[in-house]
Every structure is written in structure tokens, then in C-alpha cells.
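Position one of the sequence shown corresponds to residue 453 (this note's numbering), numbered consecutively onward.
Any given hint could turn out to be false.
PhoX-like, lysine-lysine: derived pairs with alpha carbons at most 25 Å apart [claimed, not checked]:
id : residue 1 : residue 2
1  : Lys700    : Lys723
2  : Lys637    : Lys674
3  : Lys720    : Lys674
4  : Lys794    : Lys506
5  : Lys538    : Lys575
6  : Lys648    : Lys700
7  : Lys792    : Lys506
8  : Lys720    : Lys637
9  : Lys648    : Lys637
10 : Lys603    : Lys648
11 : Lys575    : Lys723
12 : Lys648    : Lys466
13 : Lys603    : Lys561
14 : Lys723    : Lys674
15 : Lys454    : Lys561
16 : Lys792    : Lys538
17 : Lys720    : Lys538
18 : Lys538    : Lys637
19 : Lys603    : Lys575
20 : Lys466    : Lys720
21 : Lys794    : Lys466
22 : Lys700    : Lys538
23 : Lys506    : Lys454
24 : Lys700    : Lys720
25 : Lys794    : Lys575
26 : Lys561    : Lys575
27 : Lys674    : Lys700
28 : Lys561    : Lys720
Hints listed in this document are in silico derivations from the structure and should not be mistaken for laboratory results.
Everything numeric in this text was worked out from a predicted model, so none of it was measured.
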Amino acid sequence: MKITDVRAIQPIGKSSPSDWRTTLGQILVAIDTDAGLTGYGVGGGGLAGIHVVKTVLRDLLIGRNPEEIPQLWNEMYQATLAFGRKGIAVMAISGVDLALWDLHGKSQKLPIVSLMGGNPGEKIPTYHTVWDFQDLSPVAEHAGYKLHLGKIAAPDQQETMISAIEQARSLIGTDRLLMVDAWMKWDVDSTIAISKQIAAFNIEWIEEPLSPDDLSGYGILKEMSAVPIAGGEHEFTAAAFGPLIEQKLHSVLQPDVCWCGGLTELIKIYKMSTAAELRVCPHRGSEIWALHAIAALDPNPLAETGRPWMTWVEGQPSIENGMIELSDQPGFGLTFDEHKLKLIH
453 MKITDVRAIQ PIGKSSPSDW RTTLGQILVA IDTDAGLTGY GVGGGGLAGI HVVKTVLRDL
513 LIGRNPEEIP QLWNEMYQAT LAFGRKGIAV MAISGVDLAL WDLHGKSQKL PIVSLMGGNP
573 GEKIPTYHTV WDFQDLSPVA EHAGYKLHLG KIAAPDQQET MISAIEQARS LIGTDRLLMV
633 DAWMKWDVDS TIAISKQIAA FNIEWIEEPL SPDDLSGYGI LKEMSAVPIA GGEHEFTAAA
693 FGPLIEQKLH SVLQPDVCWC GGLTELIKIY KMSTAAELRV CPHRGSEIWA LHAIAALDPN
753 PLAETGRPWM TWVEGQPSIE NGMIELSDQP GFGLTFDEHK LKLIH
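Kindly generate the complete structure, drawing on both the sequences and the hints.
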């Protein structure tokens, strides 16, 4: 089997946000083969990511055997090294890598989860992210909820944040998980102070309180925070996760498979984290791209709800009573009607 074409487009779904999450957001990568199979993957980087696919990655892949995924990943990374390493270039590689895995599953007539030693059909609990504690009033049956505090994160808003967290715990009760997302807007001192005041509310983790580059700050939080620290959503490649894991700067690692380098890198991160006895909880894990890894590799599976505007992805399993499960369809189990997709140009 040989690759005959590599294509990339940017579909847009209903209610896609009018910020970087759309302009530099999701791209759909399609890889065609001479066997009549097409693999699909979702990456990021918007039109810039598409440019990387069309001008660098496509030429590298044409005529190659799509089953040689590790070798192709290394070559794509090397080809973008001068301007990549992180960010948009790796987001583009992520979409290509996922499309290669989709092809691999389709060629073997197996779902990706089975290729990794897992089983389709197992129910996985989910947690839901909200931006306001008031959105928790009609509590559904998720295993937990994450309160995103990116809109109220200034130093003089600590009391407001603590009050919101306390009310969130009151609304969901004591038997569900509660997480807090600071979205890189706190500092070391405020994180320590807030953690001490919210620990009594049984918080599962504080997510990304500092910049991903502030490794020394995370080193302090590892020792001083009263609540476990999570992060990694905005980190790229397994190599970059190395210091986070080796120094145990996070208790929970949260790679995004559509950004961090694809399934090839997510598998490496799982293996590294397991060896260090750290937990992995992929960002947007309920989306099909990470869900297969969670089902196959995670001893304590928990999947975060995905992007609601990804309405153009057909075949994505729905969440029922707070649980989600994979089908036994080959590859990722998705279908795309490219002619019906509304595109960003």
C-alpha cells in the first residue's frame, strides 16, 4: 500500500468560537492510498497548519508506505525542525499522524483500540467542563466537572474564585469529582494560597495555574500546593513532556492528541507516565482521537467532554448517562462527506 495524496482542509461547525480556537483551530487531514483506503485525522493550526501539510509534509509522504508510522513521524518532525518543535507545525503533524493510524486500523480491519490491546464497547466515565458555576445547576450524570476560571483570574479576584469553587462543590454534591482550571493565569503565590483554601472542597486537581514554560514555578507547587497540579494541554511532543514526568512537576498529565504530535506521541507519553507512576488524562479525551488510547492504555479511564462545535465529525460516539464507549468500526470509526463540509478559506 502506498500513499497517493495528502490533503488538508479546515471545516467549520456550528457555533465555532470567533477567536484563535477557530482561526488557528481544527484541520481535517485526509491521506489517500492506492489500495482505495483513505485515513482521516484532526490536527490544528488553521490555514497555517494546512500550509505546513501542503508545502512540507505532503511531498515527504507521497509514495511512502503508510504503515511505517514511527519512521514517518520522525521524518516529519525532522522536516519541520527548523521552524517547528512546538506549536503549529506539531499540530499539523498531529493530524497527519492520526490519519496514518486511521489507515492502519482500516487496513487491518480493526478499531484503533484493538491495535493497542484494548477492547471496544467498554464504558468510560466522563467529566464536563463549564465556565460558570451556575451552569452546574442542571447537573447531569457525569463522573465529575471542571470549573474553568479563565475569565476571573486576576489577583484581586481570589475571593470570587474561591466562592465560585465552593458553590460548584455545593451544586454537584460530594460524590462527584471537581477540578479547577486556571488557564495559565495564576502565579506561584496565588496558587498556593488558593489551594489551601479550596482543599477542603476535595478538589481533584488545579489545572495549568502557571505558564507551561515556568518549570521552576511548578517545582515549587509540587511541594507547596495543597491540591494536586495538572497540566500539559499546551505542551508538544513526548520529548517536551520528559522534564514534566522525570521531575514529577504535574500529578496529572494532559496531552492533547490533536496538538502534541498525534497518537504516536500520546502512546509514548502514556508509557513514560506509567513508568513514573503518574496519571494521564488527555485534554478533550471524549473526542474519538484520544478515546481509543484512554480505553486501551488507561488503568483509571476518565474522558473530558470535547468541543461542541465539532459538529462536522460524523460517527463520534455520544455520551449517555455520563458514560461513553467505542464502537468496533475499523480505524477511528468515523466517516466524512467532504463535499458537504463548510470550509474556512
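A quick look at each hint next to the structure:
no.	hint	in the structure
1	Lys700 with Lys723	14 Å, holds
2	Lys637 with Lys674	18 Å, holds
3	Lys720 with Lys674	23 Å, holds
4	Lys794 with Lys506	20 Å, holds
5	Lys538 with Lys575	33 Å, violated
6	Lys648 with Lys700	20 Å, holds
7	Lys792 with Lys506	22 Å, holds
8	Lys720 with Lys637	29 Å, violated
9	Lys648 with Lys637	18 Å, holds
10	Lys603 with Lys648	21 Å, holds
11	Lys575 with Lys723	22 Å, holds
12	Lys648 with Lys466	40 Å, violated
13	Lys603 with Lys561	45 Å, violated
14	Lys723 with Lys674	21 Å, holds
15	Lys454 with Lys561	17 Å, holds
16	Lys792 with Lys538	32 Å, violated
17	Lys720 with Lys538	17 Å, holds
18	Lys538 with Lys637	21 Å, holds
19	Lys603 with Lys575	33 Å, violated
20	Lys466 with Lys720	34 Å, violated
21	Lys794 with Lys466	10 Å, holds
22	Lys700 with Lys538	21 Å, holds
23	Lys506 with Lys454	18 Å, holds
24	Lys700 with Lys720	16 Å, holds
25	Lys794 with Lys575	32 Å, violated
26	Lys561 with Lys575	22 Å, holds
27	Lys674 with Lys700	8 Å, holds
28	Lys561 with Lys720	24 Å, holds
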